[in-house]
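Asker: Here's the letter readout for the chains.
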Amino acid sequence: MATRHSRSAARLMMAPAVILLMGWMLVPLTMTLYFSFKRYLPMRGDSLERGLDWVGFENYVRFITSSSFWPSVQATLLIVGGVLVITVILGVLLAILLDQPFWGQGVVRILVIAPFFVMPTVSALVWKNMMMDPVNGMFAHLWRFFGTQPVSWMSDASVQSIILIVSWQWLPFATLILLTAIQSLDSEQLEAAEMDGAPVLARFWFIVLPHLGRAITIVILIQTIFLLSIFAEIFVTTGGSFGTRTLTYLIFQRVVDSQNIGLGSAGGVYAIILANIIALFLMRIVGKNLDR
Amino acid sequence: MGRITLDKVAKSFGEVEVIPPLDLTIEDGEFVVFVGPSGCGKSTLLRLIAGLEDVSAGEIRIDGKDATAVPPAKRGLAMVFQSYALYPHMSVRKNIAFPLRMAGLDAAEQERRVRAAADVLNLTDYLDRRPGQLSGGQRQRVAIGRAIVREPSAFLFDEPLSNLDAALRVGMRLEISELHNRLKTTMIYVTHDQVEAMTMADKIVVLRAGNIEQVGSPLELYRAPRNLFVAGFIGSPKMNLIGGDIAARHHATTIGIRPEHISVSPEAGEWHGTVGVSEHLGSDTFFHVACEGIPEPVTVRVGGEVSLHHGDAIWLTPDPDHLHRFDKDGLRVA
Ligand SMILES: Nc1ncnc2c1ncn2[C@@H]1O[C@H](COP(=O)(O)OP(=O)(O)OP(=O)(O)O)[C@@H](O)[C@H]1O
Ligand SMILES: [Mg+2]
Numbered sequence: 001m002a003t004r005h006s007r008s009a010a011r012l013m014m015a016p017a018v019i020l021l022m023g024w025m026l027v028p029l030t031m032t033l034y035f036s037f038k039r040y041l042p043m044r045g046d047s048l049e050r051g052l053d054w055v056g057f058e059n060y061v062r063f064i065t066s067s068s069f070w071p072s073v074q075a076t077l078l079i080v081g082g083v084l085v086i087t088v089i090l091g092v093l094l095a096i097l098l099d100q101p102f103w104g105q106g107v108v109r110i111l112v113i114a115p116f117f118v119m120p121t122v123s124a125l126v127w128k129n130m131m132m133d134p135v136n137g138m139f140a141h142l143w144r145f146f147g148t149q150p151v152s153w154m155s156d157a158s159v160q161s162i163i164l165i166v167s168w169q170w171l172p173f174a175t176l177i178l179l180t181a182i183q184s185l186d187s188e189q190l191e192a193a194e195m196d197g198a199p200v201l202a203r204f205w206f207i208v209l210p211h212l213g214r215a216i217t218i219v220i221l222i223q224t225i226f227l228l229s230i231f232a233e234i235f236v237t238t239g240g241s242f243g244t245r246t247l248t249y250l251i252f253q254r255v256v257d258s259q260n261i262g263l264g265s266a267g268g269v270y271a272i273i274l275a276n277i278i279a280l281f282l283m284r285i286v287g288k289n290l291d292r
Numbered sequence: 001m002g003r004i005t006l007d008k009v010a011k012s013f014g015e016v017e018v019i020p021p022l023d024l025t026i027e028d029g030e031f032v033v034f035v036g037p038s039g040c041g042k043s044t045l046l047r048l049i050a051g052l053e054d055v056s057a058g059e060i061r062i063d064g065k066d067a068t069a070v071p072p073a074k075r076g077l078a079m080v081f082q083s084y085a086l087y088p089h090m091s092v093r094k095n096i097a098f099p100l101r102m103a104g105l106d107a108a109e110q111e112r113r114v115r116a117a118a119d120v121l122n123l124t125d126y127l128d129r130r131p132g133q134l135s136g137g138q139r140q141r142v143a144i145g146r147a148i149v150r151e152p153s154a155f156l157f158d159e160p161l162s163n164l165d166a167a168l169r170v171g172m173r174l175e176i177s178e179l180h181n182r183l184k185t186t187m188i189y190v191t192h193d194q195v196e197a198m199t200m201a202d203k204i205v206v207l208r209a210g211n212i213e214q215v216g217s218p219l220e221l222y223r224a225p226r227n228l229f230v231a232g233f234i235g236s237p238k239m240n241l242i243g244g245d246i247a248a249r250h251h252a253t254t255i256g257i258r259p260e261h262i263s264v265s266p267e268a269g270e271w272h273g274t275v276g277v278s279e280h281l282g283s284d285t286f287f288h289v290a291c292e293g294i295p296e297p298v299t300v301r302v303g304g305e306v307s308l309h310h311g312d313a314i315w316l317t318p319d320p321d322h323l324h325r326f327d328k329d330g331l332r333v334a
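Chain order of the listed sequences is U and Z.
The C-terminal residue of the first sequence carries number 292 in this note's numbering, and the numbering is unbroken.
The C-terminal residue of the second sequence carries number 334 in this note's numbering, and the numbering is unbroken.
A few of these clues could be false.
[As the list claims (entries may be wrong)] With a straight-line cut-off of 20 Å between C-alpha atoms, the simulated EDC-like cross-links for lysine to aspartate or glutamate are:
#1 Z:Lys74 with U:Glu191
#2 U:Lys288 with Z:Glu220
#3 Z:Lys94 with U:Asp257
#4 Z:Lys328 with Z:Asp245
#5 Z:Lys74 with U:Glu188
#6 Z:Lys328 with Z:Glu305
#7 Z:Lys94 with U:Glu191
#8 Z:Lys74 with Z:Glu151
#9 Z:Lys184 with Z:Asp128
#10 Z:Lys8 with Z:Glu53
#11 Z:Lys184 with Z:Asp28
#12 Z:Lys203 with Z:Asp193
#13 Z:Lys238 with Z:Glu178
#14 Z:Lys328 with Z:Asp312
#15 Z:Lys203 with Z:Glu30
#16 Z:Lys238 with Z:Glu267
#17 Z:Lys8 with Z:Glu59
#18 Z:Lys94 with U:Asp133
Simulated from the structure, these hints should not be mistaken for laboratory data.
Here the structure is a predicted model, which is why all the values come from computation and not from measurement.
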């Protein structure tokens, strides 16, 4: 057979895509690395044409010793963790609910996915102005209806607000994946457990949840990747104040607000390292769950 | 104890009546087989007894107590599913121990009972494996193990062997019969395979479209099928059913004669015909003979090897003692 031949032909044909993707990844990565070792302040007259000064690890040291660094890592982890917990728990419950037969199932399922199609900027603005506004927001009206003082969400409960908004956006994704997983559960297993004397909660705990284990890991993995880089939601709501300055947002501020590209790049490299630590950590857990 | 009584039990799914009102008594310790063609309601009936479906009407009594509204777990019955329904993420040990764990037994007692069940079912070496790492027969045994540890008052089997290959099926059939002889617990067994029914049952219940066609021991059904349906369903190969003039000569609308109750002669007999396809099984040979005046080929069993060939002319004579006669409603005439 021509396996050897066809294999090299296949390689040749895949090459353009692979090279393109590699370039896509490698060029920005090398540029980031390059800038992170340079002094690059465009406002002070630094530019690529005139050549940049090599500063060694100065940018790295400055970024990490800045008083905003650790709080930003904390904020990142808090927001990512919070959203994961909320989306997974509510996702499982919603998936179970949507799996029950009821009238209008098709429409409800589409409605549940809807938030996923709303652009982050738009949804964050809607939440901020329509729901969470301390004077005219829906929540404010609700709070007043019950005779309590409306919460000024963006300043007093800023992190919670961001978590709420982002969770709202990602809940459909989690629900969808978990719903397909739940639908693949063999109903005879549940019946067997019922005959074995397992009440509803035990059936959920011992049969449904383990069955969902793999889907939950996938949800956590994919969401973490995207949640580490949320930006628009913070930009249009708190603008990074009140403890919502994540690592991504800090880098943005360093590059755009302070016009310090070298410092921002060093922050970018830290972000890559943080992402990889988390990825490694997750892969350990996930790996155990996936190869079954 | 495991005496199960169905009193006018009926089941409808929406408009469709799957089981019309039906009475049945299953004695303690009996091995009862529900048999019938696909879609006749065997599984539904079993699930009604298990409590996995609610009856539309009627009453189910277990050991004399009304169990119609009792949830499945409280009926004291154990079920073995066609798909085995093992819990894929638990080891064999945990699978078998699951009902005990749900019943709140302590760990030592669980382990003791799991060991005992594993001993009986030759599963001791596999206790730490996952179901995915077992063969079909082993999975089947785990499913049975999970049922026996509960010490139920009756076992319910829904086509437990249909996913196994022929050789394994024969083996497991014997194991289940052996288990029944040892435990002496009531067993209800659903199958559409009449050989399984004949070999395992104390009592066979033949179902058609949710109706009970006949209840009796395997030999009763074989010797005296109550109607044409049972006559055609029980026995392998099928009974020859002949209508028309030939039946009229025996004062019946239809007569039935089993392949093993026909004698063959080259010179003389009642029906004249030519040999068609023959099936050699070694111990027996089955001939399909095209007879004059009979539209369907008649199947004949002859012991051992016989030198008859395609196209040979022969005479067939039915054994009058084993001739079954049916009237125009398909019911047996004594
Ligand atoms: N949940 C249900 N809703 C509607 N109809 C059903 C349902 N379950 C079973 N039926 C119908 O009831 C009839 C009997 O089904 P059942 O599963 O009991 O057949 P069976 O005798 O077990 O057949 P098989 O040998 O193929 O397993 C079938 O016609 C089936 O379509
Ligand atoms: Mg069935």
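Asker: A separate judgement is required for each hint: does it hold in the structure or not?
Answerer: Against the structure, the hints:
| no. | hint | verdict |
| --- | --- | --- |
| 1 | Z:Lys74 with U:Glu191 | holds, 14 Å |
| 2 | U:Lys288 with Z:Glu220 | violated, 58 Å |
| 3 | Z:Lys94 with U:Asp257 | violated, 60 Å |
| 4 | Z:Lys328 with Z:Asp245 | holds, 14 Å |
| 5 | Z:Lys74 with U:Glu188 | holds, 18 Å |
| 6 | Z:Lys328 with Z:Glu305 | violated, 38 Å |
| 7 | Z:Lys94 with U:Glu191 | holds, 17 Å |
| 8 | Z:Lys74 with Z:Glu151 | holds, 13 Å |
| 9 | Z:Lys184 with Z:Asp128 | violated, 29 Å |
| 10 | Z:Lys8 with Z:Glu53 | holds, 16 Å |
| 11 | Z:Lys184 with Z:Asp28 | holds, 9 Å |
| 12 | Z:Lys203 with Z:Asp193 | holds, 15 Å |
| 13 | Z:Lys238 with Z:Glu178 | violated, 28 Å |
| 14 | Z:Lys328 with Z:Asp312 | violated, 34 Å |
| 15 | Z:Lys203 with Z:Glu30 | holds, 7 Å |
| 16 | Z:Lys238 with Z:Glu267 | violated, 26 Å |
| 17 | Z:Lys8 with Z:Glu59 | holds, 7 Å |
| 18 | Z:Lys94 with U:Asp133 | violated, 53 Å |
When held up to the earlier numbered hints, the structure conflicts with 2, 3, 6, 9, 13, 14, 16 and 18 and fits the remainder.
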